[in-house]
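K.L.:
Use the sequences and the hints to build the structure in full.
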Amino acid sequence: MSMLSSYLTLAAVLFCIGLFGVLTKRNAIIVLLSIELMLNAVNLNLIAFSKYGVNPSIAGHIFSLFTITVAAAEAAVGIAVLIVLYRSRATVNVDEFDELRR
Amino acid sequence: MSTFFAQYAWLVPVFPFAAFAILTAMGKGMSKTGAWIGTIATFASLVLSLCIATERLSGNAEDYSNQFTWIEIGNLKLHAGFEVTNLSTMMLVVVTLVGFLVNLYSQGYMKKDERISTFFAYVALFTSSMLALVLSDNLLTFYIFWELVGVCSFLLVGFWYQKPEARAAAKKAFIVTRIGDLGLLIALLLLFWYMPGHALDFTTIHNVFDSQGGGAISTGITTLIALLIFLGAVGKSGQFPLHVWLPDAMEGPTPISALIHAATMVAAGVFLVARTFDIFDASQVAMTTVAIVGAFTAIFAATIGLAQNDIKRILAYSTVSQLGYMMLALGVGSVTGAMFHLLTHAFFKALLFLGAGSVIHSVHTQDIREMGGLGGKMKITAWTFGIGALALSGIPPFSGFWSKDAILTAALDKQPILFVVGIIAAFFTALYMARLFFLVFVGKQREGQHAKESPSVMTIPLIVLAILATVAGFVETPFNGWFGHWLTGGDAEHHASGLVMVVSAAVGLLGLYIGWLMYVKGTIRRDAVSSRMPGLVTVLERKYYIDELYQWLFVKPLQGFGKALELFDEYVVDGIVRLSGYSVSALGRLNSRLQNGQVQTYALTAIIGIVILIVAIAGRRFW
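These protein sequence lines map, in sequence, to chains A and B. Counting from 1, position 46 in the first sequence corresponds to residue 46 in the working numbering; the numbering is continuous, with no gaps. Counting from 1, position 21 in the second sequence corresponds to residue 21 in the working numbering; the numbering is continuous, with no gaps.
No lab work stands behind these hints: they were computed from the structure. Since no wrong hints were added, every one of them can be taken at face value.
Not close to chain B: a few residues of chain A, all C-beta gaps over 12 Å, as computed:
1. Leu37
2. Phe63
3. Phe66
Estimated spans, in silico, between C-beta atoms of each pair:
4. A:Ala76 <-> B:Gly609: 27 to 33 Å
5. A:Arg26 <-> B:Gly609: 21 to 27 Å
6. A:Ser2 <-> B:Gly581: 58 to 64 Å
7. A:Leu4 <-> B:Gly581: 52 to 58 Å
Partial chain B-side listing against chain A, Cβ under 10 Å, derived:
8. Gly597
9. Gln598
10. Val599
11. Gln600
12. Tyr602
13. Ala603
If you're wondering where the values come from, they're calculated on a predicted model, not measured in any experiment. Glycine is no exception: its CB is placed at the ideal position from the N, C-alpha and C atoms.
P.N.:
Have a look at this one:
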């Protein structure tokens with residue numbers, strides 16, 4: 001049991017660090033990286049539960065593999081969007097992107 | 001007997017209403033034609049009323065009534081309809097006849113007024129609602145038309161709304177009568193509640209209260225209903241203590257004073273009590289109240305009439321006093337006396353008002369101290385006014401004598417003290433009429449007044465009314481109780497009483513003689529009373545300070561209360577409204593600042609929301 005809680009604590013810490021980065025960082029690349037951190041925290045949770053959970057099963061592993069794949073795709077799309085944005089606006093500072101306001 | 005014309009009685013109010021609709025639709029562009037439309041419509045009503053009357057005069061004509069279901073909610077039905085009885089027939093004739101003559105007269109009197117077509121429209125609306133009121137077969141429609149005549153009275157009193165006094169008088173007339181109307185409304189609701197089958201028509205009321213032994217409605221409730229109905233009559237008929245509006249209503253055009261505030265509308269209160277007389281008859285308390293209020297008003301208003309200087313105000317107080325007589329008659333159980341006096345009073349008081357209007361039209365003042373010697377220049381007006389004054393003073397053989405005699409005889413039978421009060425009031429009546437007549441028509445002509453007789457369109461109504469004021473009394477004399485029999489269907493209740501006839505004629509003549517000595521001969525000095533008792537005269541001139549009393553007792557506190565409410569409205573109600581508006585706009589400003597386009601801010605908001613949600617759900621177990 002103590003193994004599970006330490007994994008979960010680590011995941012929660014990772015998640016909070018990621019969240020903090022998403023909310024506070026001005027650089028869009030760092031924001032993307034922080035999102036990856038949050039996703040990895042989730043992966044850690046999935047693995048921990050599949051190994052030390054009440055009903056250990058392989059499903060957690062499968063899920064985390066899916067998550068990694070989706071995260072890779074997301075990062076690719078995110079980076080692509082950022083490159084296009086940088087080309088048109090010459091900046092990756094998220095403060096300057098306030099088109100949603102219009 | 002045939003009821004051919006009675007079937008078409010509903011047309012009587014329709015004619016003037018059509019005239020009102022036409023005049024209102026056509027607007028102001030038709031001064032001369034407009035006047036004729038009103039007059040002709042009233043004439044049509046008059047002809048039809050006379051046809052109905054002729055039909056019913058033949059004797060044993062049955063009452064004709066016709067009604068339809070007006071509103072039906074569940075098993076509750078409200079009816080509307082009309083009913084032709086001898087009582088309503090008499091009122092129809094009085095209203096249409098006086099209405100027609102007043103219309104004719106107004107063509108001369110209102111000739112130079114630029115809103116003449118509006119005037120005739122109002123008069124037509126009034127005539128229409130008054131006729132409908134008379135014909136109503138149940139209290140509900142009666143009440144509707146009762147309010148409608150009140151509205152017309154308001155409109156016509158305030159016809160010259162440029163004058164502040166006229167505006168104030170119109171408001172006063174409306175508000176004071178509303179106090180009475182409220183009583184009538186409550187009585188109506190009580191009747192609706194307590195009557196078997198929620199019936200409000202006069203026939204059922206008659207049947208229920210006539211057989212009071214059955215105990216359908218308890219005595220206490222009967223008394224309450226009767227007194228509340230009487231409150232309505234007090235307001236409308238200008239009885240003490242709600243009489244204050246009637247003298248002020250003289251700010252309206254004089255033909256209106258003749259039609260509404262002398263002959264017809266103010267008599268509606270008397271008519272109401274007569275129509276629901278069975279309720280009063282079932283309650284001794286109510287009867288006594290009616291008699292006492294009537295007798296008191298009769299003498300109270302007559303004394304005020306002695307000290308007034310405005311020709312129309314004297315006549316107005318005289319009207320209040322005569323209406324008091326009618327109430328007195330009802331209170332001592334003589335419906336015949338009341339309706340008979342209503343009939344004769346309608347003629348001679350309309351005559352007096354129209355005569356006064358003729359004088360005012362000629363000399364352009366209403367103050368009798370500024371008049372004098374007009375008899376030589378205005379022969380027709382003077383003669384007809386004289387006849388009206390004699391009729392009002394109760395001098396035989398004019399009509400007022402016979403009707404007053406009927407009332408006084410009934411009073412003597414019932415309660416001698418009421419008879420004495422009536423006799424004293426009759427003396428004062430003769431005295432103030434003598435003062436009025438002699439000051440206006442006899443004596444020296446004033447300098448710079450070019451009085452001339454009014455045009456024939458104004459004098460013809462005077463002559464017609466003078467004839468009626470002379471002969472109308474003969475329908476019911478102590479020797480021939482035809483009218484009473486016709487009206488109530490009962491045996492002639494009016495029996496000869498030599499004492500009453502002699503006394504009432506004597507006090508009338510005495511009053512006139514003293515007036516003659518004071519104002520023509522000069523044997524008694526005019527200031528004989530005022531020099532000895534200046535206080536008394538001042539009190540009379542100020543109308544017993546009733547207006548001032550009401551001003552201090554009701555108007556001022558109510559105005560203060562209104563001010564307080566206004567402040568409450570401004571600061572508390574408006575404050576709440578402004579606060580809610582302000583807080584919503586503040587919230588809006590806050591939210592619009594949040595809407596800054598920054599994805600991170602949105603994310604933060606979402607996370608705060610989630611945290612709150614989690615805390616709420618997780619915290620549930622600690623509640």
